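**Student:** What follows is the residue order along each chain.
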Amino acid sequence: MDFVLQQILNALAFGSEYALLALGLAIVFSIMGLVNFAHGEIITIGAYTMYIMIVMGLGSPLLVIPLAVLAAVLGALAFERVAFRPVRYAPTSTGMLTAFGVSILVQNAFLLFISARPRAVSVLGGLNVTVWVGPLRLQLLQILELGVSLVVTLGLILFLTRSTLGLAMRAAARDFAMVRLVGIRANRVIATAFGISGLLAGIAAVFIVARRGSIEPDMGFMPVLKAFVACVIGGFGSLPGAAVGGLLLGFIEVGILVLLPQQWGGLTDAIVFALIALILVTRPQGLMGRNVELGDKER
Amino acid sequence: MLSISNLVVAYGPVLAVRGLSLEVFKGEAVALIGPNGAGKTSTIMALAGLVPARGDILFDSAPINSLSTEDRVRLGIALCPEGRRVFVGLTVLENLVLGAASQPDRSRRKQDIDYCFDLFPRLAERRDQVAGTLSGGEQQMLAIARALMSRPRFLILDEPSLGLAPRIIEVIFEHIAKLKASGMTILLVEQNVGKALAIADRAYVLASGSLRATGKASDLAADPETISAYLGG
Ligand SMILES: Nc1ncnc2c1ncn2[C@@H]1O[C@H](COP(=O)(O)OP(=O)(O)OP(=O)(O)O)[C@@H](O)[C@H]1O
Ligand SMILES: [Mg+2]
Chain A
6 MDFVLQQILN ALAFGSEYAL LALGLAIVFS IMGLVNFAHG EIITIGAYTM
56 YIMIVMGLGS PLLVIPLAVL AAVLGALAFE RVAFRPVRYA PTSTGMLTAF
106 GVSILVQNAF LLFISARPRA VSVLGGLNVT VWVGPLRLQL LQILELGVSL
156 VVTLGLILFL TRSTLGLAMR AAARDFAMVR LVGIRANRVI ATAFGISGLL
206 AGIAAVFIVA RRGSIEPDMG FMPVLKAFVA CVIGGFGSLP GAAVGGLLLG
256 FIEVGILVLL PQQWGGLTDA IVFALIALIL VTRPQGLMGR NVELGDKER
Chain B
58 MLSISNLVVA YGPVLAVRGL SLEVFKGEAV ALIGPNGAGK TSTIMALAGL
108 VPARGDILFD SAPINSLSTE DRVRLGIALC PEGRRVFVGL TVLENLVLGA
158 ASQPDRSRRK QDIDYCFDLF PRLAERRDQV AGTLSGGEQQ MLAIARALMS
208 RPRFLILDEP SLGLAPRIIE VIFEHIAKLK ASGMTILLVE QNVGKALAIA
258 DRAYVLASGS LRATGKASDL AADPETISAY LGG
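One line per chain: the protein sequences are A and B, in this order. Here the first sequence is numbered in our numbering, starting from 6 and rising by one per residue. Here the second sequence is numbered in our numbering, starting from 58 and rising by one per residue.
Careful, some of the hints might be misleading.
[Stated by the list, open to error] Computed cross-link-like contacts, SDA-like style, restricted to lysine to any residue with a CA-CA straight-line distance of at most 20 Å:
hint, chain 1, residue 1, chain 2, residue 2
1, B, 167, A, 131
2, B, 167, A, 167
3, B, 167, A, 166
Calculated from the structure, these hints are not laboratory results. For clarity, every value in this text was computed on a predicted model and none was experimentally measured.
Produce the complete structure using the sequences and hints provided.
**Tutor:** Right under this line is the structure:
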């Protein structure tokens, strides 16, 4: 019983991290049709901010965490302003190549100016403690991860349903030109989308660094890949889909790890992707995607 | 109020509008009529700044060519586009709230929403209904109401009768007549020539991107030759 609960929490923690990242990808995609593969580098920016602060002697978690998140938001806004705005109305492939370009550039900047090798960041190590909740032995980090993700997702829902700008974002996902025709500035809507994606990635970065205890230039790659897969499962562009897809991916991964005999451990990713392929064969638009998004490729 | 001269709209090699000049004076209702593909929507989209165009567009005697779509809305130009394009995932009320997004003064929003609900009681009854589930006529009413929420001085309507039953078209045109009577300056694009000429003061007839006839709406309505030559009516 204990073990099962422990694994469920494990899956929820991983799943909510994927969900945060997938939501960030999805919110930008829903509005701009851009799959921002440089999303992983926003995580990296948050992570390296922590490292730089520690090197500068500002290593208190209370300082490091908010500033890392802030740096991620600013990084995302800068990506939009500098790299994506000039190609906003270009074909999708141009946007995608720009994203790859940004990704490579940022990775190499960290490689060049800091180091190609992993560096230890241990300020958040204190979160990796076990706590007892009644008879249950749980990881504090995982509880925090789940709790923070819930609060952030709730905040996002409130923003999207209660504020004018949030309503505009939802409207823009379907008809951007019409949103401009009521006088809402395109730049504002898009910058908000990037800002939100940066906020979510920054929060995820804090948890990722706490778990790894180290940073390296290409650390954003696996998370963004997972987020991408979560979006595909949920239906690309759908926000509820991204959240559900992320959680589901967490459960699939942990489930396979638990059920698979030890010596098959290396097959985890292969089985995960096979399962996802199976989902997509039956529901090509993803679990919550709209059919229209397939356009004339339908059937 | 609005003055267009030598407007050219091209999509790659396709010339949609070939040097159109058109004027709308304050308080006037002007109809822009013409067959499918004449370039009516292209003209309107150029006015709104959503397609690149050459030529001069003056609003209140000032050039607006280089202004963004958003800034043109702030000058008081509102567009109720072809195909209605209500925000389908949002409620009627939320659609109206977004319609007012260009208004810095939030306090007037409530009053403006009440005004729209007075004008279109059908919308008041459905204020919390998702716009995508409204009937075509109701969506058209919502699209007009949403445009009014920006407190425009100049209202552009692109084919408000498109795809609606005759009885509903009647209702929509009654509303347009009311708006005109309240002093609104209107540019009305229509394929329903009879209705458009009945409501407008003046009209422009466009075919293949060029101006074919213009004059008082009543004169054009009494000129069956022009009508049948360009509009097949
Ligand atoms: N985005 C576009 N890309 C290429 N060609 C276009 C585009 N939009 C319009 N056209 C072409 O420009 C011409 C004028 O189209 P427009 O939509 O302005 O006509 P319209 O008068 O509004 O017609 P309708 O009454 O059918 O709405 C047409 O030949 C059309 O095919
Ligand atoms: Mg048209």
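**Student:** The structure should be examined with respect to each hint, and the outcome stated for every one.
**Tutor:** Do the hints match the structure? See the list:
Restraint check: the Cα-Cα separation between residue 167 (chain B) and residue 131 (chain A) comes to about 51 Å, which exceeds 20 Å; the hinted pair is violated. A hinted pair counts as satisfied when its Cα atoms are at most 20 Å apart, and residue 167 (chain B) with residue 167 (chain A) qualifies at roughly 16 Å. Taken as a hint, the residue 167 (chain B) and residue 166 (chain A) pair is honoured in the structure, with Cα atoms around 18 Å apart against an allowance of 20 Å.
Hint 1 from the list above is the single one not met by this structure.
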